[in-house]
Every structure is written in C-alpha cells, then in structure tokens.
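J.: Assemble the complex: chain S is given as a structure, and chain U must be docked to it using the hints.
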Amino acid sequence: MAISTTTNRIKRFIRHYGTVVGAVLIFAVFALSSPYFFTIENFLLILKQMSMLAIVSLGFSFVMAAGGFDMSIGYAMGLANVILASTLNTTSNLIVAIGAALGVGLGVGFINGLLVAYLHLPDFIATFAVGSITFGAKMLYSGGHPIFLHNPSSIFLAMGQGYAGPIPMPAIIMLVILVIAVLVLHRTKFGRHIYAIGGNPMAALYAGINVRRNRFYTFLISGLSVGVTSIVLTSRLGSGQPQAGENFLLDAISACFLSTTMFGEGEPTGSGVFVGAFIITMLNNGLTMLNVPYQMQFITKGVVVILAVLLSVLLGRRIQIRLL
Amino acid sequence: MTEQATPLIHMERITKHFGGIQALSEVDFHLNASEIVGLVGDNGAGKSTLIKVLSGVYSPNEGSIYINGKKVRFEGPRHAKELGIETVHQDRGLVPGFQVAANLFLGREKTRFGLLRLRYMDQLARESVESLGIEMQSFRAPVMNMSGGQQQTVAVARALSANPKVVILDEPTAALAIKEVGKVLDVMRRLREHGVAVVFISHVLPEILLVTDRIVVLRRGQKVGDLMTRDSDQDLVVKLMIGTEVVGCAG
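Residue numbers (our numbering), protein chains in the order written: chain S, 1 to 324; chain U, 325 to 575.
Keep in mind the hints are simulated off the structure, nothing from the lab. Cβ atoms here follow ideal geometry from the backbone N, Cα and C, with glycine treated the same way. Don't take each hint at face value.
[Claimed, not checked] Cβ-Cβ distance ranges computed for the label pairs, FRET-style: (1) S:179 to U:486: 30 to 36 Å; (2) U:434 to S:294: 48 to 54 Å; (3) S:202 to U:557: 49 to 55 Å; (4) U:486 to S:290: 58 to 64 Å; (5) U:527 to S:179: 40 to 46 Å.
[Unchecked claim] Quick look at which bits of chain U chain S covers, simulated, 3 or more residues with Cβ under 8 Å: (6) 393-407; (7) 431-444.
Chain U on its own, in the form it takes in the complex:
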C-alpha cells in the first residue's frame, strides 16, 4: 500500500538552509493518493520548512520534487496550487477583517464583467462550509470575530474549494475545542475517501496515531522515521522525535 510504483508526490533529498542555519538536510518524503501522513517532530525539526517547500513558499537549495513521477519546480505558492497542492498554514492564512466568503475565495475570486460576484461567492462559501458538517452562525461577520474552530473551518474549506490532490494541514487542531478537533479529523478521513493525500502536522501524538496511515518523523532537519501507524505507538514516535532511535529510513 505504501510502496506504490510512483507516489503522487516524491520529494527527493531536499536541503534548505537559511544563512548558516540548516533547516533541512537531504530529506526524502513521499505521499500517495488516499493516504493521511502525519508529520511530526520537535520544534525546529524542520516540519514547517518542509511543507513550505512542498507548497511553493520556499524553494529548496538542493533536491527535487516529483508529482506523479514528473519532475516539477515550483515558481511560487500559486504554481503549487495550480498543481493541486493546497496548504492550511498554522496561522490559518486568513485576512482578519474579511468575511467568510472573501477569505474562502481569496486569490481566486469569481467575477463577471470584471466585477466581483459577491452574492454568488457567499452562497458557494455557505455550501462548502456546510459540506464539512460544521455549523456557522454568521457568514457576514469578519473572521476575527469568530472562534478558533470556525476560523479553522474557513481555512480548511478554502483549501478544499480548489479540488486539490494534496492538502497540507499545519497544526489544524491547535487551539480548538475537543468537539471541533473531532470534526477536523473527520474532514481528513473524508478527504482520504475522495482520493486526496493529506499531510497532517500536529504536536498532539494521540491525534496523529488516531487518524494517520503513516507517520514521518523529523529531527534537526533530518528524517529519522517513516513508519506505518499500525506498527507504531506513542513511545516509539517520541523516542524518534527526541533522538534515541532511528527506524525505517532509506539511506
């Protein structure tokens, strides 16, 4: 199941440094369709850098990225999106003063004769948030007046509205009420059913173990573990994170 001939995404020997700081060194990372992969590691392990490379925000100093076996070079976040990679960033990437629809369609607004179709976008936004099974009282309020969970819903709904092949969720459950966490995990499972590959970054290992198919562990910019979730437990993952064990790494 994990070792398909050509993975959907294959990142090969990715290296990234900022000045003298080595954020990633020769990290291999792959991703299959209909798979939820947990990406874990301590602070500064390189998780955010890796997904920023995958979402076109950073270009790597060395290494290659393949989509369906074809080598690509992202020219920026927009390019990565066009190739089907959507990211929900840790800070949710929302504009605080914007309403739901304005945030949902940011960068791909619907227009007619050059003018925004406000009512139409409002309606689509409503449908797309409701399809995630999450209730929202007000679509017209600025998102800064909403709860963390509601903001997260808007951010996830925005990622989904582009029909992506890959969805990267960077700490989507941080600062959420427990009830809302369950809903975000359900959304991931629903994505998997539809053939989407999900990268799930979280500090909360029970969530990772609950929902993922595979777990990739980073430590100090290197990949130190790549294991099937069913073969792992919290102790093993923690040991990998803090550096007393190395498992399943090619090379």
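This is chain S alone, in the form it adopts within the complex:
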C-alpha cells in the first residue's frame, strides 16, 4: 500500500512536471556545453526568437482545446506577410496595412470555421486544404518574389526589431497576448466552454453550450493570432517573403503538444503553450549555438515531441487529440 502510494506520487510528479524537468535537463546540457548559452543576453534573445511562435501557438491552442486542429496557420501567415508588405508599400498607411494582415488571418479563420464548425468537414483535411489554397494565393500574389518594404516607418519596424530598455518589443507583445490568452482560456465562460467541447462535446451540448458557434470562434482566434504574428514577422524581416511562416506549423503543433504533457492537464493550457514555445525555441537556439547542422534541428524537434507524448501516454494519461 505504502509502496504503491509512493509509486503513484512519483507518477503524478512526472505527469505534472515531467516535461518541465526534461526542459530543465536540456537547458542544463546546453548551459554546460556553451558559455554563451546561460547568459542574460541569450535569455533575452530566446524571448525574442520565441515570441512569434508563442503568439501563433496560443491561438492554435484555442482550436486544440476545443478538440480541433488547424493545419493552415503556416501558409496563412505567409499570405498575411506578403499582403501586409505590399499594402504598406502601396498605401504607406500603417493602420490599413495592419488591418489587411489581420483581415487575412481572420478571413482564413472564418473559412476554416465555416467548413469545420458549420459544414462538419473533418478539421484536419479542411484546414489542410485551406492552407493549400492560401499557399497558392500567396504565390500568385507575390509571383514567388520577396516584397521589400520601401519606406517602413520606425514605429512599424519597432514592432519586430525594437527594444523597450533591454526587453525586445516582440517579447512585450507576446507577454501581453499571453496574459490575455491565459485569462480567456482559464478565467472566462468562453474558455470553459471550449475545453468542455474538447473534453466531451455531448456534455457541452446537453449543458446548453452552442458547440458550433464556439468551435467557429476558436478558428477565428487562431486566424487572428496568425494575423498578429504576421505583423511582427513582417516588421522583423522588413519584407514579405514567399517562404516565410511555413515552419510555424510544425513548431506550433510541437509547442501545443508539449503543453498537453505539462501540469497534468492533458489539454493545452496557456502557460503550458508558453513553456512549450520556450522549449522549442531553446532547442533551436542551443543546437545552433553548438553548431549542430540546421537539418538536425528538425529531427531533434520531432524526437522531442514523440518522447514527450510517449511519456505521457506511458504514464496513463489519455491524450484527447483527435486528428480526424
């Protein structure tokens, strides 16, 4: 009896904090391997590097909390990126350009939501197809060439490149969005309802929750976060790049999956997604610092995600992710 209780305690500890402990171990390895890793400068750099990933992953986590999936975010971000750059060039109006980027994100989210929530297409396929359409639209629009900003205002460049004291601007934007996302996910009715939909859609329906509308909203939020991220991205690049944003899909999925293995929830949480994005970025950052070839980073990330999910399944948690 006492032994099994102890075992359970260990299990519970690993389940709650296993991923965080793993992250600390990786952190320790990097810190011991490179004198430049465990420094304030590098910590601020990681904060800056992770900010776009964290924002888009937080949006993604709404969809995932409601039991859905959004495969369109990478290509949608690329489309928002090139449209923002060209709108800024043609109108020279920051508000209009930002509105256009948010509009692209929301538009893609609207179509995803319509297809999945109201027309009941499987989310994996529907958002994948929408991603393909946005990829084609992006390539048509840009002709496959980068769109360089002619005369970007200093305000716009500050969003992706500026600092407030030692803190990078993108990190500040990320922290503001993190606070909002955590509040909405965990402290509002809407957040409760989308977790309920992800956990047991019939229970949500019985409780009088509008399942379709709330699922629709999660895709809008994911689209909105794509739009916001594209603003930071365009500012940081100083251009619209046809290939930009594509890697965010894998990284955001990784961050959200890592989140489901944290704090014993089995679902993505706001703070978990933040830590997940930090882990992914730390991996990229540390591997680069150790001169590990770029290609290896993809392999490492894939392995880490598989290990994290495997660990949580072995520990008996039910992973509530339905791909189809």
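T.: Same frame as chain S, now just chain U:
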C-alpha cells in the same frame, strides 16, 4: 392523485423517426408534480428517445408538449432547461477532465466582471453535493478519476442546482455500488418531497418498484402500459415489456 386536471407535463401523440426507423409512434406521456414515474422498456423501446424529446435534444416529427397546460416548442436543450426540465443523461454528460465545480456549473458559470468566480463555485459545489448526503474526498480532482457513484452524484447535483420542476434520470443507478444506489433512490424521494417531478429510467425493476409512484412501459416505440406502482408487480411489468399484455393505455 394521478388524474389531475392539468398535469405538470403533458406530451401528446409524440412521434419521432430517424430515417426509416420509427423510434416513437404517438406516445402520450404525462407527469405530475411530486411524483416519481418509472419509465421502462426493453432496449430500443424508445425510452431514451422519449426523454431526449422531453429534454429538448430531439424535436418530435409530430405531437405536442404542454407545460402546465401551455403548449411549448423546445428550441434546444437550453430552452428545456429554462422551462425547468433537467436531465441526467446515461453517460452522465460530464466532461472527464473537469473538476466537480467546473462540471456542476457547466453552461451556467458564475462570473464577476466577465471572469469566472472559481472559489465561489467550488464552495457552492461542495454545499450542493453535501446536501445530497454523499461524501466526496476530493473536489479538485478531475471527475474521470472518480468512482461511478461519485460521478453520478456530480451529475445529479448539477441537475438539481438549477431548481428544476422536472428531473429526468436516465439509468442513474447503472454501474453503482449497492450502497450508492440507495443514496440515489433517497435523492429521488427527497426531490418528490420538494414538489419535483422525477422521471426514473432503469433496467432494474426492483428499484423501479421500490421508489416510483407510477410506471410507464414502452415497447417498440409505443406506450403499452401506464399503471400505478402499488397495483403492479414485477411479473406484470415484464409481460408488458416483452409484449404479452397491454394495460391502462388510453387510445
């Protein structure tokens, strides 16, 4: 006692089909305040369909529903709840990863300035579960880690927290320990004392005979029996269920 002038709930000639399958045909069903009605029937007899119509999940193809003599048309489960009809579904309708309070207040969370009042809801949940006379060690654990009886308690407590006129319990005693069954039956009696009408669905006829005032029997989507519990016994009810007798049906 059963033949009041206007019953609390009157379902009239309810018909429901799914594609070619006739789930209910012209079923009449009424319910009075302070009454426990047992709804029995073999698998596929239409019990679940009937209560899903009464709880606003399905809309009937034909037939009408009256509450206190006034005709109503449910626009959905929420509407039925607003009119005082609460249901504890067979699968208990709980979110497995949610704690007690989150499940109890699902769909009617308490908020202040748009933010959830977590501690307040926790406290209300505790009071409401304890008022059912059932002990629960942990309110903070996800309900999926709890026993069937504890989960059932949460589901019943949730139905009661809305002060309903009607409570529908769909197989509430299935998968419960005997001690826990007694408690669920006690809860039904307590509801009756407070003027609530209870619909009790169960496969376990001794439980039905023990606690109900009246028994309605369905077979293949039709009502084949409506009898006072004191005038019936297990043999009679079983005969009605499997189709060798028809008793007390108007029309």
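J.: Take the hints in turn and mark each one as holding or not.
T.: Against the structure, the hints come out as follows:
Between residue 179 of chain S and residue 486 of chain U the beta carbons are some 33 Å apart, a value that agrees with the proposed interval 30 to 36 Å. Range check, residue 434 of chain U to residue 294 of chain S: about 51 Å between beta-carbon atoms, so the 48 to 54 Å window is met. The hint said 49 to 55 Å for the Cβ distance between residue 202 of chain S and residue 557 of chain U, and at roughly 36 Å that hint is violated. Look at residue 486 of chain U against residue 290 of chain S: about 59 Å separates their beta carbons, and that is inside 58 to 64 Å.
A beta carbon spacing of about 51 Å between residue 527 of chain U and residue 179 of chain S contradicts the range 40 to 46 Å that was offered as a hint. A stretch counts as covered by a chain when three or more of its residues have a beta carbon under 8 Å from one of that chain; for the region 393-407 of chain U and chain S the count is 4, and the coverage holds. Counting residues of the region 431-444 of chain U whose C-beta lies closer than 8 Å to any C-beta of chain S gives 8; at least three are required, and the coverage claim holds.
When held up to the earlier numbered hints, the structure conflicts with 3 and 5 and fits the remainder.
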